[in-house]
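J.: Sequence:
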Amino acid sequence: MKRNDFLLIAGVLVSVLLFLGLYFAIYSKSGAWVSVKVDGKEEKRLPLGQDTTYTITTEYGTNILEIRDGAAQIREADCPDLICVRQKAIKKQGETLVCLPHKVIVSVVSDEKGEMDSISR
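Numbers given in this note's numbering equal positions in the sequence shown, counted from 1, plus 1138.
You may find that some hints are simply not true.
[Unchecked claim] Derived lysine-lysine pairs resembling PhoX-like cross-links, with alpha carbons at most 25 Å apart:
(1) Lys1230 <-> Lys1241
(2) Lys1226 <-> Lys1175
(3) Lys1182 <-> Lys1241
(4) Lys1226 <-> Lys1182
(5) Lys1182 <-> Lys1229
(6) Lys1179 <-> Lys1140
(7) Lys1175 <-> Lys1230
(8) Lys1230 <-> Lys1182
(9) Lys1229 <-> Lys1241
(10) Lys1241 <-> Lys1226
(11) Lys1241 <-> Lys1175
[As the list claims (entries may be wrong)] Okay, the calculated beta carbon distance ranges per label pair:
(12) Thr1193 <-> Ser1153: 47 to 57 Å
(13) Glu1181 <-> Ile1147: 45 to 55 Å
(14) Phe1157 <-> Leu1220: 36 to 46 Å
(15) Asp1207 <-> Phe1157: 47 to 57 Å
(16) Ser1153 <-> Thr1190: 39 to 49 Å
(17) Val1247 <-> Thr1193: 19 to 29 Å
Since the hints were made in silico from the structure, they are not lab data.
All residues carry an ideal CB built from backbone N, CA and C; glycine is no exception.
Can you make the complete structure from the sequences, with help from the hints?
T.: Following this line, the structure appears as structure tokens:
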């Protein structure tokens, strides 16, 4: 490899790192609320800035949602697979936690209105 090859590789790496840095700076907005939906209907809206524990009780079972340090995570559940408990904590707008056996969806929402990508008829 010659000197120009190294310069080309370095230029490409710098460009990729710059692009990724700008992308995450612009598009990774923190959310303000956690929306708890049971069977498609919003049951509760909790602020991400306040540490709390909320018990989600449905006809299918129980989940315990914990909000701590600006992030939400399902800590306990009585579903058979416990996939919802193993999911990572969420704090960015659009991230979700799902418990399919209990039909529970926990998602991070913001007060800001999102931009419309396109309109379909």
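J.: Keeping to a limit of 25 Å between CA atoms, is the pair of Lys1230 and Lys1182 held or broken?
T.: holds (18 Å)
J.: Can you confirm whether the C-alpha distance between Lys1226 and Lys1182 stays at or below 25 Å?
T.: holds (21 Å)
J.: Please check whether Val1247 and Thr1193 have a Cβ separation lying inside 19 to 29 Å.
T.: holds (21 Å)
J.: Can you confirm whether the C-alpha distance between Lys1241 and Lys1175 stays at or below 25 Å?
T.: holds (8 Å)
J.: Does the structure keep Lys1182 and Lys1229 at a Cα separation of 25 Å or less?
T.: Holds, because 17 Å separates the two Cα atoms, which is no more than 25 Å.
J.: Mind checking the hinted window 47 to 57 Å against the Cβ distance between Asp1207 and Phe1157?
T.: violated (29 Å)
J.: For the hint 39 to 49 Å, verify it against the beta carbon of Ser1153 and that of Thr1190.
T.: holds (43 Å)
J.: For the pair supplied as a hint, Lys1175 and Lys1230, is the alpha-carbon distance within the 25 Å limit?
T.: At roughly 17 Å apart (the allowed maximum being 25 Å), Lys1230 and Lys1175 satisfy the hint.
J.: Taken at face value, is the distance from the CA of Lys1175 to the CA of Lys1226 at most 25 Å?
T.: holds (18 Å)
J.: Between Lys1182 and Lys1241, does the CA-CA distance stay at or below 25 Å?
T.: holds (14 Å)
J.: Quick check: does the Cβ-Cβ distance between Glu1181 and Ile1147 fall within 45 to 55 Å?
T.: The hinted range 45 to 55 Å holds for Glu1181 and Ile1147, with Cβ atoms some 53 Å apart.
J.: Is 47 to 57 Å respected by the C-beta to C-beta distance linking Thr1193 and Ser1153?
T.: At roughly 49 Å between Cβ atoms, Ser1153 and Thr1193 fall inside 47 to 57 Å, so the hint holds.
The structure fails hints 6 and 15 (numbered hints given earlier, in ascending order).
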